[in-house]
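Q: Just so you know, the protein sequences line up as chains P and D, in that order.
So the number in my numbering is just where the residue sits in the first sequence, counting from 1, plus 317.
So the number in my numbering is just where the residue sits in the second sequence, counting from 1, plus 18.
In short, the hints are calculated from the structure, not lab data.
One should not assume that every hint holds.
[What the hints assert, rightly or not] In silico contact screen, one side only, chain P against chain D (beta carbon under 7 Å); selected entries: (1) S383; (2) E384; (3) A391; (4) L392; (5) A397; (6) L398.
[Claimed, not checked] If you anchor each label on the Cβ, the simulated ranges turn out as follows: (7) T320(P) to A43(D): 27 to 35 Å; (8) R79(D) to P591(P): 51 to 59 Å; (9) E522(P) to R98(D): 28 to 36 Å.
Owing to the predicted nature of the structure, the values given are computational and were not obtained by experimental measurement.
Idealized CB from N, CA, C, for every residue including glycine.
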Amino acid sequence: MRTLTGIAASPGAALAPAFLFRPDVYDVPDVPDAEPASGVVQLGRALEQVAVLLDERAAGTAGAPSEILHAQAALARDPALRQAAEAAIRAGSHPARAVVAAGEQFARTLERSGNSYLAARAPDIRHICDLAARAVVAAPARQRPLPDRPSVLVADDLMPADTAGLDPGMVRGIVTARGGRTSHTSVIARSLGIPAVVGVSEATEVIADGQTLGLDGCTGEVVIEPDAVALRRIAGTAYAYRRHRARLRAAVVGGPARTTDGARVEVAANVSGPEELAAALREGADGVGLLRTELLYLDRPGPPTGPEQVEVFRRMRELLGGRRLVIRTFDIGTDKQVPFLPTRPEPNPELGVRGLRLARLHPELLEVQLRAIAAAARSGPTAVMAPMVSTVEEARWFAGQVAAAGMPAGTEVGVMVEVPALALMADQLAPYVDFMSIGTNDLMQYLFAADRRDDRLGRLPDPFSPAVLRAVASVCRGAGDSAWVGVCGEAASEPAWALLAIGLGVRELSMNASAVAGVKAAITGASLAACQDAAHRALCAADAAGARSIAEILLKEQS
Amino acid sequence: VIVEREVKAEGAAGLHARPAAAFAARAATFRSTITVHKGQMVADATSPLLLLTLDVRQGDRVVVRADGPDAHAAVETLARLVASP
Chain P
318 MRTLTGIAAS PGAALAPAFL FRPDVYDVPD VPDAEPASGV VQLGRALEQV
368 AVLLDERAAG TAGAPSEILH AQAALARDPA LRQAAEAAIR AGSHPARAVV
418 AAGEQFARTL ERSGNSYLAA RAPDIRHICD LAARAVVAAP ARQRPLPDRP
468 SVLVADDLMP ADTAGLDPGM VRGIVTARGG RTSHTSVIAR SLGIPAVVGV
518 SEATEVIADG QTLGLDGCTG EVVIEPDAVA LRRIAGTAYA YRRHRARLRA
568 AVVGGPARTT DGARVEVAAN VSGPEELAAA LREGADGVGL LRTELLYLDR
618 PGPPTGPEQV EVFRRMRELL GGRRLVIRTF DIGTDKQVPF LPTRPEPNPE
668 LGVRGLRLAR LHPELLEVQL RAIAAAARSG PTAVMAPMVS TVEEARWFAG
718 QVAAAGMPAG TEVGVMVEVP ALALMADQLA PYVDFMSIGT NDLMQYLFAA
768 DRRDDRLGRL PDPFSPAVLR AVASVCRGAG DSAWVGVCGE AASEPAWALL
818 AIGLGVRELS MNASAVAGVK AAITGASLAA CQDAAHRALC AADAAGARSI
868 AEILLKEQS
Chain D
19 VIVEREVKAE GAAGLHARPA AAFAARAATF RSTITVHKGQ MVADATSPLL
69 LLTLDVRQGD RVVVRADGPD AHAAVETLAR LVASP
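Here chain P stands alone, though its shape is the one from the complex (with noise of 0.2 Å):
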């Protein structure tokens, strides 16, 4: 038995095998395994073979992103990069580790250029080179992680393309090595339901594939082939949460959430697409409060077609019937890159070309978006909104684009209010749109100028503090009776946190799936009076810590 500890990311426990995934590490031997001569014509049948393949693609997308792909093939039939990596071969390499070799040397000139055009060009360069070096060995490509017996999946960190379509009844928990509370994998496996520990440095080097592993997401404990003392433990706590899940389940599930004097709140989920659209409804979410649309977009040579993306939607409406449906439009950018949209490297890409400030650059693609979304919202109660937006006038703009593409009456138009600057400017908004959906998680991040992704500035963000609550505030007064507020980021899965946000004026909460139960049951115990007085005195508070602990007495004396 051995105990490692990281940071406790998604709540519950799980006891089950592990699975490792590891998509970057291929075989190669050290020593060719055949004669200089034919590694040469080993490398020029891989090369064209990924040439072929980018070629394929390219025929299959239409527009600059097959573009793209055919100077991608291109550069995989790059006499320069072939005869570097034979000039390697002939010196005695593995071809697989001479195409990147050279690739790498290629790749860094480009990006010793001083030319942020051309640094840019390196990724795909190692892409192509990587492609061939598979192609060599005969490794598979990158796949997905999917086990097919109930495991705990562990891997060095989880890419948006490997959590679409992760299955809850065969990842029965998630170790990763990297990553924080607030990371992709966190937040995935949050509103899964999945438990999960991150930050575990040593998980995938110390972890064997099929040894048994007992994580407890909520202490941060994972144990490799646990004792039977620890066995029962964990088990034990595996069972209490279930039941503790049930019970607040089974309190909540079937009807709005209301104060108890009479206020309703929306208590809706986040989701990235049907599968866990299905979790949510299990957890009792009145509707969905934020569809995030960019998984559609990820790990694909180019954009989705407007009938996919209708397909998709269409499944959603499917499964919510007469309940309201938040679109998002595409939030690329920062950490989020699309092939097919190559944008210059930004030195603060927080800061830089994401969101609707990228749609804006690109109108075609948010053309065939909004026009797939006007097809759902026929269908149900839906709303759209733009990721992102900094100033009235881009409000102004999204809305005259949902217009232009044919959206049916009653579809809601809001924005997001990430960006400090439009939540001052929220009386001025709200003629414009019929919602404003304030993102936390980056609030937060451009209000304290933090970068939430490092640990070292994790506790100046804080969601409890009165300056994020002032910010709340303004939105809401500014919105007034012309548009309602609704919180979509982290915060709102805090019931305390929840509570000072109605006392505020927000009427809608989107969290993810695993919050939705709590926060209903914090609601329904609370009276909107006390909401509101709380949320005046924690408005006043010096900082977080006396902001907080007004909204834990509220919460307990409420409930």
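Once you have looked at the hints, place chain D on chain P.
A: Okay, now just chain D, sitting in the frame of chain P:
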């Protein structure tokens, strides 16, 4: 025969990714050995990667040089490709 000609790059993207790939593909159809020169730098005209490292932008002057039986046709065709907006 050796033929060379100086020409001003007029494409908005200079000789970057897509134009470089198109240029190299065209260059590979000739039997002559073709090079592109910018200042002191020189690149094999059939290699998009090396053309990329020349960092040819709109308005830059480059020399297209061909050595071989079809040198005239090669320089004629490729110079026109660089000079087309």
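Q: Does each hint hold? Answer for all of them.
A: We went through each hint and held it up to the structure:
A cut of 7 Å between beta carbons decides the hint on S383(P): the least distance to chain D is about 10 Å, and the hint is violated. A cut of 7 Å between beta carbons decides the hint on E384(P): the least distance to chain D is about 5 Å, and the hint holds. A hinted interface residue such as A391(P) counts as satisfied when its beta carbon comes closer than 7 Å to some beta carbon of chain D; here the least separation is about 4 Å, so the hint holds. Checking L392(P) against chain D by beta carbon gives a least distance of about 6 Å; that is within 7 Å, so the hint holds.
Checking A397(P) against chain D by beta carbon gives a least distance of about 4 Å; that is within 7 Å, so the hint holds. Using the Cβ-Cβ criterion of 7 Å, the hint placing L398(P) at the interface with chain D is satisfied: the shortest such distance is roughly 6 Å. Separated by about 59 Å at the C-beta atoms, T320(P) and A43(D) break the suggested range of 27 to 35 Å. Range check, R79(D) to P591(P): about 57 Å between beta-carbon atoms, so the 51 to 59 Å window is met.
E522(P) and R98(D) have their C-beta atoms about 58 Å apart, which leaves the hinted 28 to 36 Å range violated.
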